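Respectively, the protein sequence lines represent chains W and E.
All residue numbers for the first sequence refer to the numbering used here, where the first residue is -3 and numbers rise by one.
All residue numbers for the second sequence refer to the numbering used here, where the first residue is 1152 and numbers rise by one.
Any given hint might turn out to be false.
Claimed, not checked - Not everything, but these chain W residues come out facing chain E in the computed CB check (under 8 Å):
| no. | residue |
| --- | --- |
| 1 | Arg14 |
| 2 | Asp16 |
| 3 | Pro75 |
| 4 | Tyr116 |
| 5 | Tyr237 |
| 6 | Val388 |
| 7 | Ser657 |
| 8 | Leu689 |
| 9 | Ala698 |
As the list claims (entries may be wrong) - Calculated Cβ distances over 10 Å to all of chain E for the following chain W residues:
| no. | residue |
| --- | --- |
| 10 | Leu77 |
| 11 | Ser138 |
| 12 | Phe169 |
| 13 | Lys394 |
| 14 | Gln416 |
Hints are computed from structural coordinates only; laboratory data are not their basis.
For clarity, every value in this text was computed on a predicted model and none was experimentally measured.
Backbone N, C-alpha and C define an ideal beta-carbon position, used for all residues, glycine too.
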Amino acid sequence: MTAAAPEPKANMGHPVPRYDAAAKVTGRATYASDMPLDNPAYAFLVTSAIAKGRIDGFDLDDARQVRGVIDIVTHENAPKLKESKLFSNGGYAGTTIQPLKSADVAHDGQIIAVVIAESYEAAREAANRVKVSYTAVAPSASFESPGTTTTAAKGQNAQFKEDPEVGDFAKAFDAAEVKLTASYDTPTQHHNPMELFTTSCAWMGDNLVIYEGSQYVYGLKNGVAEQLGIDADKVRVVNPYVGGGFGSRGSMTPRTAIIAGIAKRLNRPIKLVPTRDQGFTIATYRAETRHEIRLGAGRDGKLVALRHDGAEVSSRPDAYCVGGTKTTTRLYACPNVASLVSIVRADRNTPGFMRSPPEVPYLFALESAMDELAVKLNMDPVELRRINDTTVEPIGGKPYTSRSLMACFDEAARAFGWSQRSPQPKSMSDGDWLIGYGCAATCYPTQMAPSAARVRLQRDGRTRVEIAGHEIGTGAYTVIAQTAAERLGVPLEKVAVFLGDSDLPPAPVAGGSNSTASTCSAVMMVCDRIRQRLFKAVTPSDSLADKAKETVGISQAPSTQAAQSDRPLDIEKAFDALGVGIVEEYGEWKPEGAPLDSFTAMHSGHARLVGGHQMKDRIAYAFGAEFVEVRVNRFTHEIRCPRLVGAFAAGRIMNPRTARSQLMGGLIWGMSSALLEATEIDERNARYVNDNLADYLVPVNADVPGVEVILLSEQDDHINPAGVKGLGELANVGTNAAICNAIYHATGQRIRKLPVRLENIEA
Amino acid sequence: MSEKSGSGPTGFDRRAFMAGAAGSALVPMTARAAAQDASVSAAQDPALPVDVTLRVNGKDKRLHIDARTTVLDALREHLKLTGSKKGCDHGQCGACTVLIDDRRVVSCLTLALAAEGQEITTIEGLATDDHLHPMQQAFVDNDAFQCGYCTPGQIMSAVACVKEGHAGSEADIREYMSGNICRCAAYPNIVAAVKQAAPEIMKG
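Construct all of the structure, not just a fragment, from the sequences and the given hints.
Dropping the structure here:
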């Protein structure tokens, strides 16, 4: 076994290589812009050079002179599109700012024209020759800018229903023996998946095919149909591979319906490959946030009061917010809790989900504050977490379905060598380098959504699994294939999996880390039905058929024991008894607590996610603990992060190989969110400055010398049939706090604003 | 754009193109398209398609393309070799990396015309007789990718990294593989893959 394929522990599947590995290393994996089109025309976007105001007019003469130009589409001649509601308010769209609808400009980099030409080169040249005159108004860029408006999030956003509170915070904080009040800032960040935000649209009569990297093909299909005013059955979204999502492809962006409308008008396939910098403004991003944390504790370290106030930037029309107080108010035992989330409206594009949307900024604040409190108490930060660990969340008093937080702390601390840490700041060094150790907790809600699947089994064991899930690098093909193979008792190499096509049975959005739990639960259920049919065919007696229900039926059993207990089921014999060549089942699965309209919503592209703190009698989260070593150069103040160690418990691990890889990438994302990533905003123009991959810093190989991932064995029978908690967004949470905590340990300087760069280190 | 331009056997003179391109670069926003002036010869009009022969994965490919076409777009849009990826079009991410005469090159910053007469190797040309190249196999074994979009560029870069003699240590591999961004951050696994494949590649 290589390091990439850890030995499975209890309740873990086999670390088989990825289903799609050969396709990905040979270049045969086809992403949206790789799809062949018949005689395509090429689109190039023109985006606004102002953030607020009006377009007075276009001078298109120069652009039209470019050889090969077919059409130039502006608000004056654009296809008419219907509006779509914001994703988080029950619609499909990541923004309600609809470009090409009027002369109004709502943010910098808004699409204001689309040039269509015979070649990419001609479209690009003509786009550069489009001349625009504007009447510009001074925009509000962010928190500090005049002209913003601030309102409470509650009541504005359907997904943010309450500001959690319990007990009497003010009184308890007043009376607390030890108090901490601190403010924290996190920056704007952009997902920057490697695949650009491309869209290809081709019509065949009234039927539209869209090739676009999407984390939700059913949402995109229904959303584009809504905007075009056509039947959703006429729209098909295809993307067997997606070149990274990280949340950026979960909701519909305006570009898709625009390109579809133009393709229809020109009666020709259109291929759009936007530039990297356009990706900063035509899709969503993680908004900058501000926090104030107040902690009150006894001298024994027990929390008596906790208040978390958060503020987030959004666009003028859309009340997007992540509202991470739902998690930070429930992580530790504390009898008196208060919170408030506010939204600050500025002249910006609408933000959206980015990997662990609430947890990355909100746990940065809480986990930094916990470290500050530990310093005040002169207590080991791991012990402070232990003292405040709980099996019951404090707001609603609901028990966690399972919680391995301290087991993670202990495992990671041991692997990291935490006991070697001398607690005093500036007390460890190596030559010119000050050494700091820091740690933080991570957690992420366990979420599930209704999902369908179709499975077809042949007499020789060949199996075909169809589900409109998404392979965004998570290993979806692999774990779905493993699930079907295990459940049907067929060899893995006989299983073929089809994903990324809205003509397949619906799966939920690949977001909120719900995919594995949802799709594998659906596949398990459908496979069980096939086994049940086969079993009944060779076991005619009713009593035995009842037994079959127990052993291979639609049980909620999280392990494969049920599937194994009735072996040997002779598949060939069962097929002969049935007298058929193929057994096929389609089924729809929904998690406990899913709303009544779940299945209707599933087909119309609305994912009804349940879980986390919204379960009826329990609360479900995955947990982890992260330890980091930082080195800060005494003279240059250069900051390096030579070691990241994380231990994680997330229910059943379907495949330790793909799980480890995701968690490893997550840890690196976490480091990056502390030390590298920030979209700089020009305050005067409300414009992103570093909108390219040279200036927007993402980690490169030399930035990450040592990463260690420890997978803890955990079994949770209260979440979903697959027993899976989801871990794609677990590891990049808390890392930012762990790094600032380590910088404090190295230098004695507490940094509360991200990212930390060498110029932020004082002496 | 299928119509052939009419001057000379290739319809194009590289020297004239360079002069034309330099000239137009000075006045990009105000220059009128050549169509306005019928007396401008085809050779001086950078907007007219040109004939180019690229040698890709051991085969000659004749193309009739816009002179501004990059190697990357020539491969992807005209030769249907879509393994090489566009991640930034600015030479910042490495997803488009190919080998040109055995050197790793960002194909998005290389004009197809400038690669004429050179040997271009893409990810599609790496495996032979259905056997994965040792670097491809090492990427599979070490799970050195997630979404897979940067992977063709990583692998081409990794092959060159080894042949350059820059795979002697993990620190070297990290440094010399830092021109290829992997947003999924499979970096430790990429280092392990390069380490695994290096001895076999050096053996030839």
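Here's how the hints hold up against the structure:
no., hint, result
1, Arg14, "holds, 7 Å"
2, Asp16, "holds, 7 Å"
3, Pro75, "violated, 25 Å"
4, Tyr116, "holds, 6 Å"
5, Tyr237, "holds, 6 Å"
6, Val388, "violated, 35 Å"
7, Ser657, "holds, 5 Å"
8, Leu689, "holds, 4 Å"
9, Ala698, "holds, 4 Å"
10, Leu77, "holds, 27 Å"
11, Ser138, "holds, 25 Å"
12, Phe169, "holds, 40 Å"
13, Lys394, "holds, 34 Å"
14, Gln416, "holds, 23 Å"
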